[in-house]
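*Asks:* As a plain string of letters, each chain reads:
Number of protein chains: 2
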Amino acid sequence: MIAPEAATKLATLLGTRFVTSDADRAQHGRNETYYPDTPPDAVAYPETTEEVSQIVRICAAHHCPVVAVGAATSLEGQHLATQGGVSLDMNRMNRVLAVNDEDLNVVVQPGLTRVALNEELRSTGLFFPVDPGADASLGGMTATRASGTTAVRYGTMRDNVLAMEAVMADGSIIRTGSKARKSSTGYDLAHLLVGSEGTLGIITELTLRLQGIPESTLAATCRFENVEDAVNCVILTIQSGLPMARIELLDHMMVRGFNAYANAGLPEKPHLFLEFHGTPTGTAEQAQSFREIADDFGATNWEQATTTEDRTALWAMRHKAHYASAALGKGKHLWPTDVCVPISQLATAVVQAQDDAVRHGLTSTIVGHVGDGNFHAGICVDPNDADEMARAESFSKALAETALRLGGTVSGEHGIGLGKQKYMQAEHGTALPFMRAIKAALDPQNILNPGKLLPPGD
Amino acid sequence: MIAPEAATKLATLLGTRFVTSDADRAQHGRNETYYPDTPPDAVAYPETTEEVSQIVRICAAHHCPVVAVGAATSLEGQHLATQGGVSLDMNRMNRVLAVNDEDLNVVVQPGLTRVALNEELRSTGLFFPVDPGADASLGGMTATRASGTTAVRYGTMRDNVLAMEAVMADGSIIRTGSKARKSSTGYDLAHLLVGSEGTLGIITELTLRLQGIPESTLAATCRFENVEDAVNCVILTIQSGLPMARIELLDHMMVRGFNAYANAGLPEKPHLFLEFHGTPTGTAEQAQSFREIADDFGATNWEQATTTEDRTALWAMRHKAHYASAALGKGKHLWPTDVCVPISQLATAVVQAQDDAVRHGLTSTIVGHVGDGNFHAGICVDPNDADEMARAESFSKALAETALRLGGTVSGEHGIGLGKQKYMQAEHGTALPFMRAIKAALDPQNILNPGKLLPPGD
Ligand SMILES: Cc1cc2nc3c(=O)[nH]c(=O)nc-3n(C[C@H](O)[C@H](O)[C@H](O)COP(=O)(O)OP(=O)(O)OC[C@H]3O[C@@H](n4cnc5c(N)ncnc54)[C@H](O)[C@@H]3O)c2cc1C
Ligand SMILES: Cc1cc2nc3c(=O)[nH]c(=O)nc-3n(C[C@H](O)[C@H](O)[C@H](O)COP(=O)(O)OP(=O)(O)OC[C@H]3O[C@@H](n4cnc5c(N)ncnc54)[C@H](O)[C@@H]3O)c2cc1C
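Keeping their order, the protein sequence lines are chains A and B. Start counting the first sequence at 1; every next residue gets the next number (the UniProt record's numbering). Start counting the second sequence at 1; every next residue gets the next number (the UniProt record's numbering).
None of these hints come from the bench; they were simulated from the model. This structure is a prediction, so every number in the text was calculated from the model and none was measured. Note that CB positions come from ideal geometry on N, CA and C, so glycine has one too. One should not assume that every hint holds.
As the list claims (entries may be wrong) - Just the calculated beta-carbon pair ranges, DEER-fashion:
#	chain 1	residue 1	chain 2	residue 2	range
1	A	Ala313	B	Asn301	46 to 52 angstroms
2	A	Val358	B	Asn118	44 to 50 angstroms
3	B	Gly125	A	Ala316	37 to 43 angstroms
4	B	Gly241	A	Thr312	18 to 24 angstroms
5	B	Gly125	A	Asn226	27 to 33 angstroms
6	A	Val358	B	Thr430	51 to 57 angstroms
7	A	Trp302	B	Glu303	41 to 47 angstroms
8	B	Thr430	A	Asp37	33 to 39 angstroms
9	A	Glu120	B	Ala26	57 to 63 angstroms
10	B	Thr124	A	Gln211	29 to 35 angstroms
Unchecked claim - Listed next, the stretches of chain B that the computed footprint assigns to chain A, with coverage defined by at least 3 CB atoms under 8 angstroms from CB atoms of chain A:
#	region
11	135-149
12	175-187
13	194-206
14	412-422
Stated by the list, open to error - Covered stretches of chain A, going by a simulated chain B footprint (3 or more residues, C-beta under 8 angstroms):
#	region
15	137-151
16	194-201
17	237-248
18	439-446
This is chain A alone, in the form it adopts within the complex (with noise of 0.2 angstroms):
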């Protein structure tokens, strides 16, 4: 519940765009996944900086929790207001506010799409390569530690954000990071508001890493007899050190899933899809090298994307794995999980994620970011049905122990959210503490998104 003194002061400050109608509430309380609608009390659409801070400022002195939300497609309910107070919907500050092409970076504001960002860029000959599939905002890419198909060459949000300003709790507006490269002037304040799920401050503006365009782009796709000779393909061409820009793994199950979303016409086998980087020479040579690997486990069916528009349908393709999954259930919705190990134990995760899928009696896809050692299960439930529910809690919190178990994590990048809370004290033991602490120091009130992340304390 919003304070009426609260509403008062925040409708003065927006006039229209504090909003408490149905439709809004409704709309932003809606989420990808199986998360029940959870509306907040009211929407804020802020314009600005300082429009932000106010409504922090607003909301500070009235206990009101304060909910940012970009494009809503965070997977594990993490925009949800779900004890009510604000959603502070960030998409009218969506601005390139600085391309500053010699440097190879760009200042734009939080609510921006990475597509609209590179949209953009197009004429410097510069990308932005952070790629979730998902048309995700900036800030709440920033705030998820996303990553996404480019990670294993560009690295996730965490290596290309540079620098921000933020809105802090009590409604002080700082800058952190820096415009230079690099930087050892203390505590790094704004890799510390990275992946923090906007828990402990409100990302306003962002300075983030551009790359070049790479001369030569050279996409294919291969495929293979069995999961584990496509994954072991995977974990020696990491090992080898090919720069891969791309490295996406299929299951069977997830290429069932294309023909049927989108008629790929794929036959039903683990299949790679891939892409280089470099100068024409480079980009052959790397092609090169990878195929001999490949041959070794027993690669076919080897196809290169000759022209722009075969490697744009590519991986358009590859980004609705997330409805394409979801199709195989038809109708129903996806539980998609997320984990990450050390790439050496990827063939046992994934061998392991299948079969505990069949064993708990559910159609469930395998497609990752297999380079980095990440990968997700897309589950299909009805929420209604309790008992497809519970199995899928069975199988996801498998997936998390074996996940932990060869020494790695139980979100490679989709985060905490609502349904990971319950993996923290077996991921983190001793350093949770120090997690609330933190959480503690930067918004004693607990109205940055309350409920988030950290499990309930004791």
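Since the structure of chain A is already known, use the hints to place chain B with the ligands on it.
*Replies:* Frame of chain A; chain B with the ligands shown alone:
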């Protein structure tokens, strides 16, 4: 001062590894630059994490400062126990615990030095790339967020630390980060500790990312008529996306220093020292692309280091820049500065630095990891000459202000320690109180390296 009761407990715990002799104290009070000697009250030599934890618990119970020290090569007095207490010498914790060559990572104790690590890795085909020149400890490098010559290609310690074990201010032992290549599970404590200069926790174990030794390494030098041409060549090289492994600037004064210190016999003109990593075709292609750029800036005297010995000699010389700079001062101390600017501002910053040094009547070199926009002025000073020290201070201040004005940072890699606290407010402004809040939350008694990194509070 250490309370007698604390000293008794520490002696009981460590036996002869708890030392209060003048020799040990004096040795731990020295530094490589111009800070006055400041011996600690005692030196502790732990051998295990459990011992570190016990030491910190004892010190916490008696409000006694604990200052970790690795190789003591930090350049801003970071390791000096300026408020007394225990110097925690980490050098006995110097083992390689596991080489996970399949996962391209290694687990080490913090007292191990980077040279010793690479020695141990020799047979694996892998290497640890971060190279600050000095044979620093990996714990110290992590704590200062060190980088060096190869950061332009392989990143800084921030990019190369995957996980760590640390002892916090209350003695608890935590593990943070993951052996997987990426993770999105909560606040990034590991990277908060990177660069925290021993003020938030004592690092007792590190998991570091490794790289494959490149198939081909090509080193070279070339010469320019003036420093603008050299720097503009660097700027264009970086902007063009060439994956330089090393690109180091030496100005004419630095060359003079090498001639004085090592009989380098080089003409006193600006030089670039370069390295390319890749396949044989790749490095040849890169070198060719670089030369095309360099030609446009009038580069001459291209010389390739063809043998491994030549290459080693080249970088061994480069790594003596600190002492070669000091050599120009004939027995004086060195006051090394360190700034980093956006690459487009590098020529402005370097030229300004040279002018300012002359204007201040100082003997000063410039040497830099210029591919990152990072460079150092090495000022020869006599700490007993108050006037010269004041001029050095004024020059150093001008340089810091230039860096900030150009959108950069007052330290690219050496850190804050004692010497740069005075710029923290200018660089971080409203973010500084949040750094203080984190310090207060994690080390409420202020026993971990007190008086460093954060300027005295209000
Ligand atoms: C089809 C599909 C595919 C996906 N694939 C990937 C993938 O490959 N890799 C990957 O990493 N993710 C993937 N995701 C998940 C999702 O895209 C990412 O989590 C993304 O980063 C969320 O961005 P968003 O703008 O939608 O954020 P939201 O969902 O709007 O918010 C996410 C979190 O960020 C916070 N937040 C948002 N804006 C701000 C701000 N300005 N300041 C502070 N906090 C803020 C919110 O409070 C919330 O906690 C996928 C999602 C879908 C639907
Ligand atoms: C000739 C020379 C050249 C140099 N060139 C570079 C360069 O190119 N790039 C660069 O980045 N630096 C450079 N430096 C600086 C120096 O090498 C780095 O700062 C290095 O990281 C310090 O490591 P150390 O082991 O000597 O740390 P120390 O000096 O012993 O300590 C540094 C800081 O780290 C803390 N610390 C040490 N161990 C731990 C631990 N286990 N846990 C927690 N805190 C700890 C200390 O308390 C202190 O605050 C150079 C120094 C010299 C002398």
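*Asks:* All the hints need checking, so say for each whether the structure fits it.
*Replies:* These are the hints, each one checked on the structure:
1. With their beta carbons about 51 angstroms apart, alanine 313/A and asparagine 301/B fall inside the hinted range of 46 to 52 angstroms.
2. At roughly 46 angstroms, the beta-carbon separation of valine 358/A and asparagine 118/B lies within the given 44 to 50 angstroms, and the hint holds.
3. At roughly 38 angstroms, the beta-carbon separation of glycine 125/B and alanine 316/A lies within the given 37 to 43 angstroms, and the hint holds.
4. Between glycine 241/B and threonine 312/A the Cβ separation comes to about 22 angstroms, which falls inside the hinted range of 18 to 24 angstroms.
5. Between glycine 125/B and asparagine 226/A the beta carbons are some 29 angstroms apart, a value that agrees with the proposed interval 27 to 33 angstroms.
6. Remark: the range hint 51 to 57 angstroms for valine 358/A to threonine 430/B is upheld by a beta-carbon distance near 55 angstroms.
7. At roughly 43 angstroms, the beta-carbon separation of tryptophan 302/A and glutamate 303/B lies within the given 41 to 47 angstroms, and the hint holds.
8. Checked against the given bound of 33 to 39 angstroms, the beta carbons of threonine 430/B and aspartate 37/A, roughly 37 angstroms apart, stay inside it.
9. Between glutamate 120/A and alanine 26/B the CB atoms are about 60 angstroms apart, so this pair conforms to the stated range of 57 to 63 angstroms.
10. A hinted range of 29 to 35 angstroms holds for the C-beta pair threonine 124/B and glutamine 211/A, which are about 30 angstroms apart.
11. Coverage of the region 135-149 of chain B by chain A holds. Counting CB-CB distances below 8 angstroms, 4 residues qualify, and the rule asks for three or more.
12. Three residues within the 8 angstroms Cβ limit are the bar, and the region 175-187 of chain B against chain A gives 12, so the coverage statement holds.
13. For the region 194-206 of chain B, the stated coverage by chain A holds: 4 residues have a C-beta nearer than 8 angstroms to a C-beta of that chain, and at least 3 were required.
14. A count of 6 residues in the region 412-422 of chain B with a Cβ less than 8 angstroms from any Cβ of chain A is obtained; the coverage claim is therefore met, three being the minimum.
15. Counting residues of the region 137-151 of chain A whose C-beta lies closer than 8 angstroms to any C-beta of chain B gives 5; at least three are required, and the coverage claim holds.
16. With 4 residues having a Cβ less than 8 angstroms from any Cβ of chain B, the region 194-201 of chain A passes the three-residue criterion, so the hint holds.
17. With a cut-off of 8 angstroms between beta carbons, the region 237-248 of chain A has 4 residues touching chain B; three or more are needed, and the interface restraint holds.
18. Note: the region 439-446 of chain A has 4 residues with beta-carbon separation from chain B under 8 angstroms; the three-residue rule is met and the coverage holds.
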